[in-house]
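Protein chains in written order, with the working numbering: chain A, 2 to 315; chain B, 1209 to 1546.
These aren't lab readings, by the way, just hints derived from the structure by calculation. Beta carbons are placed, not taken as given, at the ideal position from N, Cα and C, and that holds for glycine. Incorrect hints may appear among the rest.
[Unchecked claim] Computed from the model, here is a short list of chain A residues facing chain B with C-beta under 7 Å:
| # | residue |
| --- | --- |
| 1 | Ser56 |
| 2 | Met159 |
| 3 | Ser216 |
| 4 | Phe246 |
| 5 | Tyr254 |
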Amino acid sequence: MTMPYPVASVSFYRRLKRRIFTILEGDVTDPSSRFCEIFIAILVVLNVLAIILESVPEIHDQAGDYFADFDVFSVIIFSIEYVLRIWSYSERYPEADASAWKGRKEYVLSFFGIVDFLSTVPFYLQLLIPGADLRVLRMFRLLRIFKLSRYNSAMEDMFEAIKAEKDSFSSAIFLLFISCLLFSSLIYIIEGTSQPEVFPSIPAAMHWFILTIISGWGNVDPVSFPGVILVVITQFLAIALAAMFTALVSTSYRAQVSRRELLYEMEMRDVLADGIVTEEESIRLKKMQAKFGMSDEQVEAIAAQVRAENKLPG
Amino acid sequence: MLCHQCQFDNEVGNAFCQNCGTALVEQDKTITHTNSPSPTLKRPFRYRVMEIMNGSPNQPLSRYAEWLISLVVVINCAAVILDSVPEVHADYKDFFHELEFWSVIFFTSEYLLRVWSFSERYLESAWRGRKEYVFSIFGLVDFFATVPFYLHYFIPGLDLRILRVLRLLRILKLSKYNSALQDLYKAVYSERRAFGSAAFLLMIAAIVSASMMHFAEGHAQPNYFGTIPHSIYWSIVTITSGWGNVEPATKMGEVIALFTGFLGVCMVAIMTGIVASAFANQAARKKAAYELQMREILKDGVVTEKEGEVLQRLQEKFRLSDAEVETMMKQAQSKARS
């Protein structure tokens, strides 16, 4: 991040805040940021393991106290993390005219901000209201697992790829929705009278439909001939929908990869335009490669192509 | 110029290695030591052995070596399978024993030849190439498919079943000669991050759905959902097959079960999509590499015999169909004319 003002004029408080922001925001080159990331990730994994193990009665009887202590410890750490994040995220927009609360509001209302809040704060409710349902609290604790996805950049890529093709995805989901309505109403009309125990209502028929779509078999044998036809068509539809979703993911993913290769190629061409690669430029290329998760082979192929084009006249 | 990937000696002016298809980047280090001991002429015998063992197109013998090794491997695997049938075992016991003995000798000499000749891989140090081979997947397979047989002599009381399983490892030796398999591996490797995040998603889906099921059904069906580890088994079955081993008893559980099954469909779609796109990307990269070489050759307007051979070899290596090559040729020619 660039410094918009000279370092010397900044107060210690401001510098500390900026430093904590860099550490929490994640910077690959900063060792303390790496350490912080790994520490929180390990703590989250241990938390999830503890929740899973705690549900086994024998383990809970023997080590219940340890689990409670560990939970208190984790809540303290996560609370500190949450408070520090809110405090330091005012540095996200360091321009003088921007309000300190802009970055903070953005964080609190972001996906991760909500996850951080919901996975930590309900613990305090338990202290205030002793009679709260423990199972609900445990559900909230499970949300901690989503804190991990902050450190998984490939997952963000996946969501980005899907977002780029969101129109096709929504039309596929729309198709699923329409066929769900249509087929479950039809099966209710055809088989509802002869099998009232399985198809007592359209929502029950919808249950059958979704089951057929996801597993290929809806657990119900049709008794009438039109029912058989309808079941078979639904099963074929299941295969077709699965193929469609697969093709969509594949296309969007591929589009993203080629978009990135293009971006990288442009950068490479820019770097190679003057014929020399300075150290700064090669670091820039390396960083870009790491960010896009491209393999060395891919990069070399692009480099060879750009070089060959440069060699050709014109 | 030597390819830095496989040390194959390429013609000057090639943009891509004719052996492995890697882009030839001019690295100062490789060039200096290629030029010093005049490259192709005075190659020692050991180097030629390495080329044969490595399947280099420079050595016609390498193809026969490949065939011979593949044949012995196939015969061996057939023998292991047939040997497990009691009647066949009773009739041909001695034959199988003899076959195993000679195969082990054959594979041992292959292994030793490889270790010995792979010192030629890098000029600076004889042991670097050897170490690389011994610790590569193929080196380990070669080792474990052969050496345990000798243990059998030293420790007569050894469990024979383990030996038989290790003998079946020999089939993996075939994958060395299957370049399509290596392509698949490379394509998957280049998208490893995407696979990692898909696995991560799968893990989250399994844990979250299992815990939700535990909370929803733990009281109703304590046998199956009494603990989260139990429910994890259920959720993995549901994600992979769409329908779990247990029927949910509550309305809440039913909704969670349907949702989990739907997640399974999405997971399959994501995995398939990643593989498909990885494969398509790789094919595109290969095509681009071939096209680049072709353009280089067509630049002067004539295709000499040698250049034709280069293209032929590259086409074989990249497994491009004739139709594809023809289209590319036409495209390159029309571009050159304009």
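Structure-based check of each hint:
Taking 7 Å as the C-beta cut-off, the interface hint given for Ser56(A) holds, the closest approach to chain B being about 4 Å. For Met159(A), the interface hint holds, since its Cβ comes within 7 Å of a Cβ in chain B; the closest pair sits about 6 Å apart. Hint status for Ser216(A): holds, given a least beta-carbon distance of 3 Å to chain B, under 7 Å. Because the smallest distance between the Cβ of Phe246(A) and any Cβ of chain B comes to about 4 Å, under 7 Å, the interface hint for this residue holds.
Hint on Tyr254(A) holds. Least Cβ distance to chain B is approximately 4 Å, under the 7 Å limit.
Checked against the numbered hints above, the structure breaks none of them.
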